[in-house]
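Novice: Build the full structure now, drawing on both the sequences and the hints.
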Amino acid sequence: MDRFFPIEICGYKTQLPILTLPSGVSICFFNLHGDQALTEHCGKQIAKLLEGSCDVVVTAESKGLQLAHVVARELGQHFYAVCRKSKKLYMQDGIEAQVKSITTGDVQTLYLSKHDADLLKGKRVAIVDDVVSTGGSLLGIEKVVDLAGGIVVKKAFVLAEGDAKDRKDIIYLANIPLLK
Numbered sequence: 006m007d008r009f010f011p012i013e014i015c016g017y018k019t020q021l022p023i024l025t026l027p028s029g030v031s032i033c034f035f036n037l038h039g040d041q042a043l044t045e046h047c048g049k050q051i052a053k054l055l056e057g058s059c060d061v062v063v064t065a066e067s068k069g070l071q072l073a074h075v076v077a078r079e080l081g082q083h084f085y086a087v088c089r090k091s092k093k094l095y096m097q098d099g100i101e102a103q104v105k106s107i108t109t110g111d112v113q114t115l116y117l118s119k120h121d122a123d124l125l126k127g128k129r130v131a132i133v134d135d136v137v138s139t140g141g142s143l144l145g146i147e148k149v150v151d152l153a154g155g156i157v158v159k160k161a162f163v164l165a166e167g168d169a170k171d172r173k174d175i176i177y178l179a180n181i182p183l184l185k
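With my numbering applied, the sequence shown corresponds to residues 6 to 185, in that order.
It cannot be assumed that every hint is accurate.
Unchecked claim - As a list, the in silico DSSO-like pairs of lysine-lysine whose alpha-carbon atoms are at most 27 Å apart: (1) Lys92 with Lys148; (2) Lys93 with Lys148; (3) Lys53 with Lys159; (4) Lys126 with Lys159; (5) Lys68 with Lys128.
Just so you know, the hints here were simulated from the structure itself, not pulled from any lab data.
Values in this document were obtained by computation on a predicted structure and should not be read as measured data.
Specialist: Right, dumping it as structure tokens:
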């Protein structure tokens, strides 16, 4: 990783490594794993944007997990829901939806446990995740929320990548380019 993209996220400055995907597109790789200061900062900023608008937060594993934890804590929500990318033993009676994301390039299935599906049912739901790009993962999460009977009221991200910055249906803290 010889190249980096400098970014400021609501006053927090960092450098994102530039990585090339198998498709040939390069991305500014945003990774919250292990960076507790960045995760706390971003989670608190997103919580401010969601205040009073939702009953529960949902995210997709894995990079959204710690972000959703901070957001839910800041909003005073005891639980948050997680769309998983593999079916765990406790999820046999849950729901699922297929998704295609820019980072994987493949179709994946998102799984939601019955506990988390019940958590969303009839509730105002905020989708929280690290990055939105093509919107493939977002569509999958929206589908899962709909199947669970939840109502998506907000879609909040740390970063909007590429053309996602022009979407009117999302909120985000900063944007990053897709690089050729």
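Novice: Now tell me if each hint is right for this structure.
Specialist: Here is what the structure says about each hint:
{"no.": "1", "hint": "Lys92 with Lys148", "result": "holds (17 Å)"}
{"no.": "2", "hint": "Lys93 with Lys148", "result": "holds (19 Å)"}
{"no.": "3", "hint": "Lys53 with Lys159", "result": "holds (12 Å)"}
{"no.": "4", "hint": "Lys126 with Lys159", "result": "holds (16 Å)"}
{"no.": "5", "hint": "Lys68 with Lys128", "result": "holds (24 Å)"}
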